[in-house]
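Enquirer: With the hints as extra help, turn the sequences into a complete structure.
Line order of the protein sequences matches chains A and B. Residue 235 in numbering that gives the first Met the number 0 is what sits at position 236 of the first sequence, and the numbering runs on without skipping anything. Residue 635 in numbering that gives the first Met the number 0 is what sits at position 636 of the second sequence, and the numbering runs on without skipping anything.
No lab work stands behind these hints: they were computed from the structure. Treat the hints loosely; a few may be bogus.
Straight-line distance between alpha carbons at most 25 Å, and here's what the computed PhoX-like set of lysine-lysine pairs gives [stated by the list, open to error]:
1) B:Lys180 - A:Lys318
2) B:Lys178 - A:Lys210
3) A:Lys248 - A:Lys238
Between beta-carbon pairs, the in silico distance windows are [stated by the list, open to error]:
4) A:Ala99 - B:Asn244: 16 to 26 Å
5) B:Glu144 - A:Pro390: 34 to 44 Å
6) B:Glu385 - A:Arg92: 17 to 27 Å
7) B:Ser80 - A:Thr101: 31 to 41 Å
8) A:Ala97 - B:Gln295: 56 to 66 Å
9) A:Asp409 - B:Ser86: 49 to 59 Å
10) A:Ala99 - B:Gln295: 48 to 58 Å
11) B:Ala410 - A:Thr101: 24 to 34 Å
12) A:Ile56 - B:Glu385: 33 to 43 Å
13) B:Ser149 - A:Gln70: 48 to 58 Å
14) A:Val298 - B:Gln137: 35 to 45 Å
15) A:Val298 - B:Asp96: 47 to 57 Å
16) B:Arg218 - A:Tyr221: 32 to 42 Å
Beta carbons: idealized from backbone N, C-alpha and C, even for Gly.
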Amino acid sequence: MSSSDAPNRPTPELMLAFYRRLYPFKTLFNWLNHDHVPNRLFTQREIAFSLPGDVYIRYNSFNTADDLKKQVCQLNPTRFEIGPVYSARPRDRKTLRAGALTPILRELVFDIDMTDYDPVRTCCSGADICKRCWVFISAAVRVMDSALREEFGYEKLLWVYSGRRGIHLWISDKEAMALTDQQRKAIVGYLTVVQGGKESSKKLNIRNGGKLPPSLQNALDYLRTVFGALILSDQNCFKSQEGYEELLKAIPDSRVVEALRTKWEASPSRSSEDKWSDLYKSASKQQASTCYPIPNLMVALEDIIFNYTYPRLDIEVSKHRNHLLKAPFCIHPSTGRVCVPLDLNMIEKFDPKEVPTVQQLLEELDALGEVEDPTAPKEHHSDWEKTSLKPYIDIMDRHALSLVGETRKDNKLKPSMCNV
Amino acid sequence: MFKGGKNTSNDNFLPQVENYGTLKYPFTLNFYDDPPIFDVTIEDFETSALDRLRILAEIESSAARNRSWEESKSVTSAQCSKYLPLSPTLTKNPNCDAERRRDHLSHFVLRLAFCRSEDLRRRFIKAETTLFRIRYEQDIAAEREAFLNSRDFNWIPVEDDERRMVNLSADRKSEKYYKVKWTRVPDLVEKRKVLLKGGWAYVPSRELSSIVFQEFEVRLEKALETTARLLPRLDEDTRIMPILNNLSQGFMSGISSDWANNSGQTNSDEIKAEQVDDLAKKHFPLCMRTLHSTLQKDHHLKHHGRQQYGLFLKVLGLSVEESVAFWRKSFSSFTDDQFNKKYKYNIRHHYGLEGKRVNYPARSCMQLLIEGASDHGCPYRTYSPENLQSALLSAYAPLGLRQSDLSEVMAAVNTKHFHVACTRVFELTHASSGVTKGQGIGNGESVTHPNEYAAKSMDLQKTSEAMVVDYRCLSCLDACVIPPSALMSRRKPSTKAPDMDELKAEALHQYQDTDGHFSLVRNFRLADLVTIMNGVCGSFSIFSSARYLLTNDPDYLWTAMVFPLAGLMFDFLDGKVARWRKSSSMLGQELDSLADLISFGVAPALLAFVVGLRTYLDTVILTGFICCGLARLARFNATVALIPKNNGGKAKYFEGLPIPSSLGLVAVLSYWAKQGWIEGQQGLPWGTTTLWGIEGGRGEVHLVSFVFAFWAAAMVSKTLRVPKP
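Expert: Put into structure tokens, the structure is as follows:
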């Protein structure tokens, strides 16, 4: 994958054409602003530009979508990122009293990155991603989505493919926007079960007084199904010796470990499913015989399921309001793919390799033929309508419109509080 | 100054306080909703705030030193009862209201002082919330209940059908649940201690306090931000701003500033100019060490440095004459004339003998932290990390500070807890006097004043001097200063290698730092086990002797005589093993001596008793023999470092007969036993003599006993020097 990245790397010319003709600034504006009339959700929003050569311009803010577009076309950044809504316009920050520019509102964002799954995936590693490892992401999306909707009561969730190997979640509910850093930290803590990184097989600390909290019980019921299909049959995680040694490490009963190890060493052809059922059998045997109260193997099996399939969050992204995150529809600088929003219903069918790249989109435009005179000043707003980017922009538009509708409803209820 | 606040405060309260009589503040706990709207004197304004600051500083330092919750609770409540006591309503204390009023006032003064920067606000909120939590937990349950009922926390009790709907855990049927927006209990949510549904958190009643604390914190945060916005209006008051500035700076340095108040007077002991150098090496905190070495190197200090160091020395106990002498000597590159003209006035000024004639107190850590040039101020703050580390090592390595300790000190420095770093250095460099981690400069207090550091260090030395045999006297003779760590060397002086001191100090730390069961055994080195074997041999010999007395079987006698020899073997071996494994320990040194006492003191004496020295006077002499052995070993441990060494670091001679020489006596005894010249057979050679009284009475003694008496005398002798083989 990474070897094929190089030819996909978009040139500045391609980028500029993309920003001029395809990028849906209006949609982005509606989504950030929650309204058609610019308010502080957009005007006091920090936008940061990444220029080629590691130049980073922070604290930009714009009055309208057109302002933003003008600036983007002028700077032609490799990507731009969205920050919090500040207490004043970030671009005026030099004229403000020290400490007067503080973040006040911000979408609650989450980032799941495939690299965190390296210890448990066998198909790819590092920056690569394929259809098979996407299943990890889709499982994570399902778990997160139901937790955030049902337990935290959030509704305006937007999942965005990050362009290479991860997925972002933006939550735009009013309550979510207003969360403090401390509350963000709490929600991240609530949703973190597996600490990413090397020691992924570390013992999980999720049981308060021996019982799973109800939220995790629900997640577990779903993850059990994923575990069978993904870990056992597709990824076949316990096939290799390192794989099953990793599994055995998580089992607290040394007698069972020894018995299984000898059995599996004797027959290296046993599949992951066989191994898991071996393990499951010894666990149920143990549960049946009353003489073993602890260590409970069933608990260990649950922990293993969590370890292999529970969402692994990049927690730093979510913890602070002033963290910047790449805007949807940007181009990933090394793959050339567009960061497209995803519909929850198609999350399982999504293939990261089928996401349109910037070249492909511009070729599609070219294929339409030079309909208009390029010298004539013309609005390109509807150009994307004719490309394969359309379905994704439609998703985003629908989402933005629901936000706008929400704001309207609020304004009708309390006309005096007109969104300021 | 508070008149800008809402004027609704106490009117709201009054209807609810009827049960409590006329108290203005019905509860010890306070959410500080309303600003104080009474008149206060500027003095009350400052003192109450300072007192509260002391408590908050203690809370901060507890957190920085990783105290457990229980521990910091007890430390903090001790501080509270000292500075801001709050008695419960039940005690009917007539001062109850005044105390609460003071608490109320001090909180609001500190709000003013700490609202000004993000960092200060954050720290203030944290400390205040902790204080509230401590008070909440310690409040009488009934009063706490009353307090909670007096406020509306806006939690909704969960009815039974809703309860069934959200499927709350069935095992706690009796427990009441309340629901609040989840954002009000982020700490419970983070630990998954509550059930969430649609953004509501279902909080069991045992976790309700969490809502209270969170509410307190959120309110305080909002209030501080508001205060920060309104504060510029206060700037005009020239009386208050300096006080507020002072308060916030005090908090920055984490100072409870006890010493700042009473350091006008000097320590009791007079100190002479020539002692300063010695004291500086052993007792001064890093700031003063640095000044001292700069002074020694450059023969000059700049004005501020001079002032800082001069006042420090004054409080340390240097009289004005000694001080002039000290500075004269240090400023050696100046002529008498120059010195008298330029600097003498300055020194006398410090002592209040010139100019304004004020007896200036020495600078506290707080003052030093605020200033900041390279050669004065607090080095923990002003030095770059690299410079600080090398300065620390060069200053304190002889006192037992090691490279490996630095990371801990630097961690405190990096989090800007300079006083914690300084306190930790104090603990590390005084480990040999028994100061352990977390003990600080006594009772867990941190360093807040350079003089406090030095005084405590000198105190500690005094107490340990009582234990170490006249150490200072010897060091005077030796002319060179022997660091206390030199006294810790293993009993065999020949094992001394240059890096041994460090190894030993490390071993000592290991004993201190290991917790839990069997820590002693877990820390045993191989050499220690060998030494123990020596003790085992001695004990076996004793038991064999006893058995011989019971059975009269000569085999047991022989066994008893052979075991001390085996002991000697182990005694030689342990030194070899220690050198081979390069791991000597503090324990080893002590073990060695104690084991020797059994094998070469008690066991031979008992053997002598067994073979015939059984009269009354004989036993007295044998007891004397054991006691002399005991004394000799103790002296050896104390003075081994002071015996002149040859180039290889080996001691040149033994002072007094070494105790294993008593094996010579055992050899003689066994020869006699072989010849049958023992009690019960032919009797001891030379027989007995009667010193007084009748024959066979109290005055009878074996002549052989005098050999033992002579041997005992030779062991404790100081003049007798046995050259080493």
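Enquirer: Work down the list of hints and note, for each, if the structure agrees.
Expert: Checked hints:
1. With a C-alpha separation of about 19 Å, the suggested pair Lys180 (chain B) and Lys318 (chain A) falls inside the 25 Å cut-off, and the hint holds.
2. Restraint check: the Cα-Cα separation between Lys178 (chain B) and Lys210 (chain A) comes to about 22 Å, which is no more than 25 Å; the hinted pair holds.
3. The hinted pair formed by Lys248 (chain A) and Lys238 (chain A) meets the criterion: a straight-line CA distance of about 15 Å does not exceed 25 Å.
4. Taken as a hint, the range 16 to 26 Å holds for the pair Ala99 (chain A) and Asn244 (chain B), whose Cβ atoms sit roughly 21 Å apart.
5. The beta-carbon spacing between Glu144 (chain B) and Pro390 (chain A), approximately 60 Å, falls outside the hinted interval of 34 to 44 Å.
6. Hint check: Glu385 (chain B) to Arg92 (chain A), Cβ distance near 35 Å, so the stated range 17 to 27 Å is violated.
7. Our hint of 31 to 41 Å for Ser80 (chain B) and Thr101 (chain A) holds, since their Cβ atoms are close to 39 Å apart.
8. Taken as a hint, the range 56 to 66 Å is violated for the pair Ala97 (chain A) and Gln295 (chain B), whose Cβ atoms sit roughly 43 Å apart.
9. Asp409 (chain A) and Ser86 (chain B) have their C-beta atoms about 50 Å apart, which keeps the hinted 49 to 59 Å range intact.
10. About 50 Å separates the C-beta atoms of Ala99 (chain A) and Gln295 (chain B), a value consistent with the hinted range of 48 to 58 Å.
11. The hinted range of 24 to 34 Å is satisfied by Ala410 (chain B) and Thr101 (chain A), whose Cβ atoms lie roughly 29 Å apart.
12. Distance hint for Ile56 (chain A) and Glu385 (chain B): a CB-CB separation of about 34 Å, consistent with the stated range 33 to 43 Å.
13. Distance hint check for Ser149 (chain B) and Gln70 (chain A): the Cβ-Cβ separation is about 56 Å, which falls inside the suggested range of 48 to 58 Å.
14. The beta-carbon spacing between Val298 (chain A) and Gln137 (chain B), approximately 38 Å, falls within the hinted interval of 35 to 45 Å.
15. As the Cβ distance of Val298 (chain A) to Asp96 (chain B) is approximately 56 Å, the hint placing it in 47 to 57 Å holds.
16. At roughly 40 Å, the beta-carbon separation of Arg218 (chain B) and Tyr221 (chain A) lies within the given 32 to 42 Å, and the hint holds.
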